[in-house]
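Enquirer: Letter by letter, the chains look like this.
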Amino acid sequence: MIQLDQITKSYSNSSEEVKVLKGISFTIQDGEFVAIMGPSGSGKSTLMHILGALDTPTSGKYLLDGRDISSFSDKELAGIRKEKIGFVFQAFNLLPRATVLRNVSLPLIYMRVPKKEREERARAALISTGLDEARFDHLSNQLSGGQMQRVAIARALVTNPSLILADEPTGNLDTQTGEIVLDTFKKLNDKGHTIILITHERDVAEHAQRIIYIRDGMMVKEEVTSKK
Amino acid sequence: MRISDLFEETYMALSTNKARSALTILGIVIGIASVIAMTAIGQGSQASIQASITSAGSNLLYVTPGQQRGVGMQVSSGRGSAQTLTQGDADAIQSTITLAKAVEPELSKRYQITAKGTNTNTQVIGTTQDYVDVRNFQIDQGTFLSDMDIKSQTRVAVLGPTTRDDLFGEGADAIGQKIRINNVEFKVIGVTLTKGGSGFQNPDDAIYVPISTAQRYLAGDQYVSTIAVQAASADNMTAIQEQITELLLERHKISDAASADFSVMNQADIVATASSVTGTFTTLLASIAGISLLVGGIGIMNMMLTNVTERTREIGLRKAIGAEEGDISKQFLLESVMLTFLGGAIGIFLGWILAWGVQYFGVTSTKITWSTVFLAFGVSALIGIVFGYYPARRASKLNPIVALRFE
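In order, the protein sequence lines correspond to chains G and B.
One point on numbering: in my numbering, the residue at position 176 of the first sequence is 181, and numbering is uninterrupted.
One point on numbering: in my numbering, the residue at position 252 of the second sequence is 253, and numbering is uninterrupted.
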């Protein structure tokens with residue numbers, strides 16, 4: 006479960022203080038599929054970084070599964086990311102000259118999981134994204150965009166995280182392929198995974214059950230879609 | 002990260018771009034190969050010099066005319082430059098120094114030698130019958146000089162095999178033949194067994210005549226160029242050295258030992274001096290080769306830094322999925338060490354081939370010791386650690402958010 010309580014984030018350079026997030030609070034229950042939507046410059050990237058334990062807020066509380074991680078050190082944040090969070094990026098961010106299987110097992114290496122178990126879990130994760138098994142031994146740079154994103158989703162799943170965080174996952178894909186990817190998220194959510202989708206496109210956001218609108222560092226609206 | 006996974010990740014990263022990895026370690030390969038080859042040449046020279054000095058005979062002391070010098074090698078002494086040692090000195094040593102097993106005076110000079118239709122210029126060594134024992138020679142054909150020959154001043158000569166080949170043709174039977182040394186006729190009575198060797202005076206290219214004959218017919222004087230004294234055992238060497246010095250100081254009527262007109266040199270001293278000279282030579286060569294290793298190390302650091310920059314997004318990704326600073330720095334450091342270690346291994350192999358080649362083509366003998374090999378491995382691993390540390394640290398300190406945005 007995710008609980009944000011009056012989260013702010015400010016950057017200070019030499020002359021001024023820039024307030025990117027100005028006090029955001031919301032709660033996301035386990036198993037929800039939520040979209041966070043906002044125009045560029047709204048602070049949604051910063052919000053995603055905080056949600057994904059890549060950064061800490063300047064003030065406010067972030068409770069992840071009951072634990073306040075707002076003041077965690079870099080090392081502690083890395084631990085949270087390792088165990089609780091799976092990322093899906095717009096640019097896929099796969100290792101281009103590694104196989105699909107090796108890409109998906111990468112997070113498990115940092116969790117010190119032995120090789121055989123890694124491979125089994127990677128296969129299971131890949132199957133649940135619907136990727137053709139024949140592709141498992143291909144190098145990731147031999148895949149299409151849609152296939153690569155599904156590998157990335159499998160990678161995000163493989164550690165069994167509390168939260169899957171997707172940052173503009175369809176941004177580099179055509180509409181049709183994008184639909185397949187969003188559909189994959191839906192299926193995963195049906196299985197019980199908590200998914201947060203960051204986007205600036207309404208069409209994409211509507212695939213979620215709930216949309217949180219961000220503008221100028223503040224939450225302006227919350228909407229429940231017809232997908233519940 | 003598990004150790005086995007760390008190695009696998011590192012191996013994968015390196016083999017992804019084999020060409021680049023190969024070019025990166027080229028500097029190390031060349032550096033280590035040169036160090037190995039230089040050290041091998043140096044150590045080989047050292048060993049062969051030591052061998053040729055000790056093959057000249059063991060437990061030897063050399064009494065030579067001229068001032069005592071720090072570096073006294075046999076080559077530079079007694080070439081007729083100073084005439085302060087006489088046959089009388091040799092006889093005195095023979096009769097008074099009882100610890101000496103054999104006393105063998107020599108009178109050496111180069112002369113023009115002629116035989117029927119041929120001639121050569123070679124070293125003529127006037128000596129006694131003890132020469133074969135003291136100097137560790139053997140007779141191949143005929144006989145060596147005898148006590149009778151010395152006493153009677155007979156004009157007989159024993160040839161070294163190379164001189165025999167030069168005068169009479171390769172492998173010819175020279176026994177009984179006549180030669181003229183400095184226009185004096187001598188009869189050949191023997192040929193010595195080949196000793197091999199290079200560098201100094203080649204022992205195979207020489208003629209041995211009775212010292213008394215040399216003094217009477219060739220030099221016209223009673224002086225000697227060297228007196229070799231063989232000790233009964235190694236323990237007596239120092240005692241004999243002192244006794245000879247005392248005796249000759251008295252005979253030459255010199256009161257101050259510092260202004261002696263002769264030197265008594267211990268064979269062990271000569272070996273030690275030669276060793277230290279070649280040792281310095283080896284160190285110098287290896288240091289020069291070491292500079293190329295330094296350059297190789299800088300190349301590694303340069304390449305690793307480029308590597309880190311190119312893989313910024315990958316590092317960001319690894320951190321995003323939970324890699325800690327330690328995981329990242331260990332991976333990059335290990336990449337660097339693996340590269341240099343591999344470079345070292347190839348370099349050692351290459352250096353070994355170079356050293357073998359130098360020896361095979363007869364330039365000089367070479368010697369590779371295990372300690373050199375271990376040192377080379379150690380140095381190459383150290384280079385990987387030292388020059389890989391900074392890039393690895395830079396990689397580990399990258400901010401994942403910034404890194405993921407990197408183009």
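Take the hints with a grain of salt, since some may be wrong.
In silico EDC-like cross-links for lysine to aspartate or glutamate, where the CA-CA straight-line distance does not exceed 16 Å [claimed, not checked]:
#1 B/K398 to B/D270
#2 B/K398 to G/D60
#3 B/K117 to B/D205
#4 G/K89 to G/D35
#5 G/K120 to B/E9
#6 B/K398 to B/E326
#7 B/K152 to B/D131
#8 B/K398 to G/D70
#9 B/K117 to B/D148
#10 B/K196 to B/D141
#11 G/K87 to B/E325
#12 G/K87 to B/D328
#13 G/K196 to G/D208
#14 G/K87 to B/E326
#15 B/K117 to B/E9
#16 G/K80 to B/D328
#17 G/K66 to G/D137
#18 B/K188 to B/D174
#19 G/K87 to G/D70
#20 G/K121 to B/E9
#21 G/K80 to B/E325
#22 G/K196 to G/E211
#23 B/K196 to B/D166
#24 G/K80 to B/E326
From the derived model, a few chain B residues whose C-beta atoms are all more than 12 Å from chain G [stated by the list, open to error]:
#25 S5
#26 N18
#27 S59
#28 N303
#29 T310
#30 G327
#31 I402
Hints were generated in silico from the structure; no laboratory data involved.
Source: prediction; values computed, not measured.
Quick reminder that beta carbons are idealized off the backbone N, C-alpha and C, glycines included.
Enquirer: Now look at each hint and say whether the structure bears it out.
Expert: Status of the hints after comparison with the structure:
no.	hint	in the structure
1	B/K398 to B/D270	violated (59 Å)
2	B/K398 to G/D60	holds (15 Å)
3	B/K117 to B/D205	violated (21 Å)
4	G/K89 to G/D35	holds (12 Å)
5	G/K120 to B/E9	holds (11 Å)
6	B/K398 to B/E326	holds (7 Å)
7	B/K152 to B/D131	holds (14 Å)
8	B/K398 to G/D70	violated (28 Å)
9	B/K117 to B/D148	violated (29 Å)
10	B/K196 to B/D141	holds (11 Å)
11	G/K87 to B/E325	holds (9 Å)
12	G/K87 to B/D328	holds (13 Å)
13	G/K196 to G/D208	violated (23 Å)
14	G/K87 to B/E326	holds (13 Å)
15	B/K117 to B/E9	violated (79 Å)
16	G/K80 to B/D328	holds (11 Å)
17	G/K66 to G/D137	violated (42 Å)
18	B/K188 to B/D174	holds (13 Å)
19	G/K87 to G/D70	holds (15 Å)
20	G/K121 to B/E9	holds (14 Å)
21	G/K80 to B/E325	holds (6 Å)
22	G/K196 to G/E211	violated (19 Å)
23	B/K196 to B/D166	holds (15 Å)
24	G/K80 to B/E326	holds (8 Å)
25	S5	violated (8 Å)
26	N18	violated (8 Å)
27	S59	holds (64 Å)
28	N303	holds (22 Å)
29	T310	holds (16 Å)
30	G327	violated (9 Å)
31	I402	violated (5 Å)
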